[in-house]
Amino acid sequence: MFGAVIAGFLISLGLLLFGKYIKSKYFFLLALYPISLFAYFSGFITKINQQLDIVYRSEWVPQYGINLDFRLDGLSLMFTLLITGIGSLIFLYTHKYLYGNKHTDKFYAYLTMFMSSMLGVVLSDNLIALIVFWELTSISSFFLIGFNTEDEKSRKNAQLALAITGIGGFFLLTGLILSGNIIGSYSIQELLQSRELLHNSPYYLPAIALIFLGAFTKSAQFPFHFWLPNAMKAPTPVSAYLHSATMVKAGIYLLARLTPAFGGHIYWNTTLLIVGAVTMLYASINTLYKTDLKGILAYSTIAVLGMLTMMLGIGTDLALKGLVVFIVAHALYKASLFLITGIIDHETHTRDVTVLSGLREVMPLLFGAGILTLLSNIGFPYSLGFIGKEMIYESTLGISGPVLMWSIAAVTVISNIFIGYSGYQVALKPFVGPIPEKFEKIKPLSVFLLLPPVLLSVAGIFYGCFPYIADEILLKSATLSVTRHFTDLPLKVWHGMNLTLVLSILTILAGAALYIFRKQTHRQEEKMELLDAVKPEQLYNYLKTGVKRLALFYTQVMHNGYLRIYIMTIILFIICVVGYKLFTEVPIQINTSSLSTFRLYELTVFSIIIVAIMVTIFTSSRLTAIAGMTIVGYCICLMFVFYGAPDLAMTQFTIDTLTSVLFVLVLFKLPPFMKYARATIVTRDLLIAVAFGTLISIITFQALVSPAEKEVSRFYADNAYLAAKGKNVVNVILVDYRGFDTMIESIVLTIAALGVYSLLKLQIKSSDKE
Amino acid sequence: MTSNYILAPILVQLVTAILLIFFWQRVTVQRVLSTVGNTFSFITSLILAIDIWNFGTQTLHAGNWQPPFGITFVCDALSATLILLTSIVGLAVGLFSTIGISINRIKYGYFPIFHFLLMGLQGAFLTGDLFNLYVWFEVVIISSFVLITLGGKKMQMEGAIKYVTLNILASTIFLTAIGISYGLTGTLNMADLAQKIALVENRGIVQVTALLFFVAFGIKAAVFPLYFWLPSSYHTPPSAIAAIFGGLLTKLGIYALIRMFTLIFIPDDYTINLFIIIAIMTMFTGAFGMMNKKSIRKVFSYLIVCHIGYLIAGLGLYTEKSLSGTIFYLIHDIIAKSNLFLIAGLIYKIRSSTDMRRLGGLYKDYPLLSILILFVLLSISGVPPLSGFWPKLNIISEALRSGNYTLVFSIIISSFVTLVMIAKVWAEVFWKPTPKDHPEQDDTFAPLSTFKKVTMILPVFLLAFISFMIAMRPGTFMNLSDKIANELMHSDDYIENVFRVKNIQN
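Which chain is which? The protein sequence lines are A and B, in order. Going from the first sequence to the working numbering is simple: count from 1 and add 639. Quick note: the second sequence, position 472, residue 465 per the working numbering, numbers continuous.
Just to be clear, a hint being listed does not mean it is correct.
Listed next, the in silico DSBU-like pairs over lysine-lysine satisfying Cα-Cα at most 35 Å (straight line) [stated by the list, open to error]:
| hint | chain 1 | residue 1 | chain 2 | residue 2 |
| --- | --- | --- | --- | --- |
| 1 | A | Lys795 | B | Lys100 |
| 2 | A | Lys1187 | B | Lys291 |
| 3 | B | Lys100 | B | Lys287 |
| 4 | A | Lys1082 | B | Lys100 |
Hints listed in this document are in silico derivations from the structure and should not be mistaken for laboratory results. What you are looking at is a predicted structure, and each value in this text was computed from that prediction instead of being measured.
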């Protein structure tokens, strides 16, 4: 199982590196990978139905409990079959859809990488492994959305999708780490068994909040949904596969997977119920105002994702079973709708619903597939969509509290009417009516294009007619994974005459009526666009612009280009941080008795230093300033001489001289010196300088209060002659005890000398691109 | 255990640099000799590192003066790892420089000074003496300053002035702090200092001294609000030089902070809180800084600042696990950030610009190279399971455990901004078609001979391969980081190692 997933990454890498050597006509062979995976995972159906989970363990970072553990249970199996099954069809479809495109190899590379990552998400039995694959799906989605790199919109929308799902991913990562910290393990199995621990933890709320942010961004819930319609810039097979059938359901998968651990808490259920319902209603209304087929499908996908989230919020056994059924039903019919749209786009070069009509004459088979898909979409009896929708209606009617129940039920019915209506727009509208002249010349469709939607639509009807087959092989065990106990809710074609059926019929009829009496027009779409200013996408843009402006302001204030301000900031920082500590925690005392009195020559040198510093500060010429600094340096050399270290003084003298020269050379290339300082600024700087000087002085005095051990200096004095054979202790320290320092200091001098020489000699031409 | 061998990597650099000076102006000799020297340095550091990882800390007392009287060199796992990383980056950047640096620069001493810089870095990682550390810092500053100013374009000079001024300020504060701690304890040997500073009764003044060290190294590490030199200077020198700077110079500051605050000064609550606040502000400063930048070099500079925040955060949380996160991130960061600037150099070579508005089409023109670069970019943005992801796990986990939600939030936001900016760089530089309205674009890379092309790409590949290994074997690197963090948090062993010889003789 591990190999099956990893193979995808290797194939992907191989394609990226060597894909250009593959001839166009052989790309369809890549479909063998998903097809064989599909067969491989189908082989586990019997075992899974006997509640025997398939477990694969592999150590990754065992010391932190991070392992590449895979576990195949009912829910995972359902998703793996959807991923590999629909994946196989997408791989075949792409062969024709992108035939002749120069970058098809890369497309397949990203697609394969995505498929493996997605399998990783649904198979991982370790929270960290899960997030790793989760992020990889976002990354591969980024490359697929931006596939048409020449198109600026593609690039922008790819970045938008990555940003939204990316930040969600980081929140999710944090939420999963937090959950891991609560239970002391990253194992999902252990998490599922730690329900009590989680529910009683004070971190329950932050943990689920973070997980929600991850799931909602990925599954395009309101108000994070807007990346999904924008992601429709991707080639249509991508939209069908990632942004409808599989990747966007990762959030739903995660929530379903974690339901046994976190579910049943009022925060969990209420949040999911409300967010789901709002998303569903908001998105389904939006479908009414789109004229681009993919735009319609994007919003109807979001609406369904909202509905699925809502089902998780209702959380009853019936709702969870309905969730599982509807995930499959939706994956089948929505992928089919996207693929049909893709074919229409591919053949007619338009996706404008107001233009398309009459295509049944040139694509009769596709029209048939469209009708079958439509039946599932609107929830017509004998389709899988019908069974799913029945269960959804029934579970909304089971919500406790009449007000909540009726409002949720009403919202669900209204949304489903709109979703059904959007189905008519996509699957029926382009095919009926008179055929415009320009479409008449369309050639018969390739089998690569036609087969996938036909198979998907037939599957939707087949399982609708024989629901117990789907139930037995897949749905029952998938539900078990979510509910964690057996539920006796057999799928039936006929539920009997009840309120649910009435609502189903109402949905179908109202959708049809809307289709007959309402036309999707550009004018309505434009009217709707007036509302864009208050839509979440716009709010996101405002936020983005705002933050960018703030960032610009902040960066300009902080990094303003003035060296003097930088120095001032650093000095102020020291004064505040160190000063605070000093005055709050150190009992300040100055021990004057230990200080010796000034001698005359010391005083003289000291005065010279003061004068030199003043000259440095007040001069208007850079050269004078450097000269002043050099004098200070030489005076310090004198100090060394006074205290019996003439060799040290020599070193200092050399360094000082060299640095001065270096400085002069550099300053030579700078613009002329100007005095900007006004009186206020001078005063400010004076205050800061005095404060800093005082601070350092006080610290120094404090350090001298308690006399330190003299072990080291005593050793130097005692052993200078005995062990090191030198009469001058300072000399011995320099060349023996600490000879290494001296050696490196002489290297410093060498480097400085080399630098001076090169700076004088070397001129670089601007033609050198370094 | 004492061993002379621990100085070997430094001596290799020193000998290489001196030999190079003798071959002044001989371009080919400079190139070959430098590469040979780097290879030797790499091999000796690798042997040293393996030895240290397996058999533990080794020490060397210069001139055989027993501690605390002479200068002691201590090679523990952290030092050995950093020395190895330095020589790896040195090898990669040295190789890149043979083509990436113009002949004129090579004629005027680029390579000798480059090796002096590497020596300075490795010496600083190795020394166990506070004043000696200062001296190594001097080597690093002066050689990096010469490297920045070499060639002397005006923009470079402006950056160089800011760089050197602020770094000298840092050195001054460092020296002041050394003076004060010497006044308090009468010793410079770090192990000895650790013991004696613990005995000082006036705890307040000890913490004040610690804060001065923090400021000194904070400037080096480019933390908020002391980071100004970095964005002022990193975009000015040639890419190869920027790569060494980007990968290693700030990390020297981080190393010194880690060493100081695990071995000598045990931070009190005030200092811990300061670390955390600084970490958060550094992340935001970096994140804000890169948002509006158009030049990829500038974006990358702020990226460094941003990620310094993570390193400080791990130190600030001050648990063994969080420290392990910092160490792991350090390993990842040194490799990846050096590579990032080499990549910027390649891009500049190919397009003669680093401005995102003028760049484009690289994916179309250089698909394989782009994939290599993409891998590095993704590693830096911390996309799991690549190398930048793993250390973050530890840091986030420890931040959650300590209940520091502001820190957690900052890490999330800065990771997010990094990801978005990396995606933007990718979209603008690689995806976007080459802008037509900038005719001055010329490819100085394509005309190069295959040998030269390989010489420029090989270093990028080499560093990317290490990042790849980190991603593939995170457990190994976590073990190493755990081991280092464990050594750091049990500083008694370090002290004991330094004084062991003395005790035997007594």
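Taking the hints in turn, this is what the structure says about them:
1. A:Lys795 <-> B:Lys100: Given pair A:Lys795, B:Lys100 is violated - Cα atoms ~46 Å apart, limit 35 Å.
2. A:Lys1187 <-> B:Lys291: 16 Å, holds
3. B:Lys100 <-> B:Lys287: Holds, at about 33 Å.
4. A:Lys1082 <-> B:Lys100: 69 Å, violated
Consistency note: the structure conflicts with the earlier hints numbered 1, 4.
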